[in-house]
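Student: Position one of the sequence shown corresponds to residue 1 (full-length UniProt numbering), numbered consecutively onward.
Incorrect hints may have been included.
To be verified - Cut-off 16 Å, straight-line C-alpha distance, at most; resulting in silico cross-link-like pairs (EDC-like, lysine to aspartate or glutamate):
(1) K271 x D228
(2) K28 x E53
(3) K159 x D228
Simulated from the structure, these hints should not be mistaken for laboratory data.
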Amino acid sequence: MEETLCRTIVKTKDYYNTWIIEDFRRVKNEKIQSSEFSGTTDISGKRLTWSYEYAPAYESGNIYLLSKEQGIKQNCQTIIENFPKPMGGAKPGLLGQPNNLFVWALHFCDIAKSLSSDGSLMLRFKVTFLTPVSTHCPAMKHTPLPELPLSSLADNFAKMLVTKQFTDLTITVGQQSFRAHKAILVARSTVFAAMFQHDMKESQRNEITITDVEPKVFEEVLRFIYTDKVQGLPQMAHELLAAADKYDLARLKVMCEIQLFQGISAASATKTLLFADLHRAKELKARTIEFLARNLKAVSNWVEFCRKKPDLVAEIMEKIASYN
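Construct the entire structure; sequences and hints are all you get.
Tutor: Structural data, given as structure tokens:
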């Protein structure tokens with residue numbers, strides 16, 4: 001039997017935007033608009049600029065997605081990743097003049113819980129542009145193709161870590177021992193690879209003793225090596241970043257840098273800068289210097305910091321000078 005088949009595929013393109021509203025309590029009753037963001041919306045390369053608007057309402061603040069583009073109507077869906085999803089989830093809508101696309105309402109009680117220590121409100125958006133694409137294949141026999149199964153690689157490696165099947169290495173950390181697979185450690189870490197490629201006692205005895213990492217931290221390092229995931233990142237971000245630096249785990253290091261910067265405040269900024277400098281966390285260091293340059297008056301231990309770290313102070317002063 002012959003049939004005509006038409007298939008419509010929805011192509012999607014995601015963008016992630018962060019909007020920080022400083023001293024939110026002072027401006028929560030005012031309408032505020034973010035700066036503009038831009039990107040291509042579909043496979044044709046069509047560009048679009050958009051921004052976000054906060055508008056106060058009864059016991060909440062409404063968030064809208066705006067675009068000043070003329071003659072463009074674009075299907076899109078927007079969520080705020082660091083706030084509870086609204087009832088029924090985020091709904092797609094049409095963006096473009098004269099439409100201001102409603103995203104969702106943020107209740108003031110939820111906002112209050114999310115304010116940083118210096119009173120700033122951070123909104124992390126994910127905006128997805130949706131473009132239907134139709135393909136037409138006349139007079140063909142329709143035989144459904146099998147669906148590609150989801151990758152089980154991470155789950156399989158996690159199972160190997162839990163079951164300890166075929167492990168060939170013992171790692172002693174404090175009073176706790178971990179079993180692991182040499183080949184996986186070598187593939188994931190250049191530091192572990194160097195240990196086993198050279199004629200070291202670790203290579204000969206299949207044993208490693210680690211003295212400068214806490215057992216609970218190393219447990220998460222192992223979990224990351226096997227699965228690319230960690231548990232308890234907000235609580236152990238400093239310790240995990242130090243371990244990631246030591247064992248050359250670049251992705252884990254960036255995950256920790258993001259976590260630490262999201263929690264930065266005037267009270268913690270100098271400590272964070274010292275830590276970033278010590279462990280060569282370049283992105284965290286650069287962003288912390290920028291934060292200090294913009295919030296210097298709120299830093300209570302600035303005089304002491306100037307005395308202890310004149311080299312870092314010079315970098316902060318250079319950043320301040322670049323604003324003028």
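Student: Quick one, are K271 and D228 close enough, alpha carbons at most 16 Å?
Tutor: The hint is violated at about 27 Å.
Student: Taking 16 Å as the top limit, are the C-alpha atoms of K159 and D228 close enough?
Tutor: Measuring from Cα to Cα gives roughly 13 Å; hence the hint holds.
Student: Given the hinted pair K28 and E53, is their alpha-carbon gap at most 16 Å?
Tutor: Cα-Cα ~12 Å, so holds.
Checked against the numbered hints given earlier, the structure breaks only hint 1 and satisfies all the rest.
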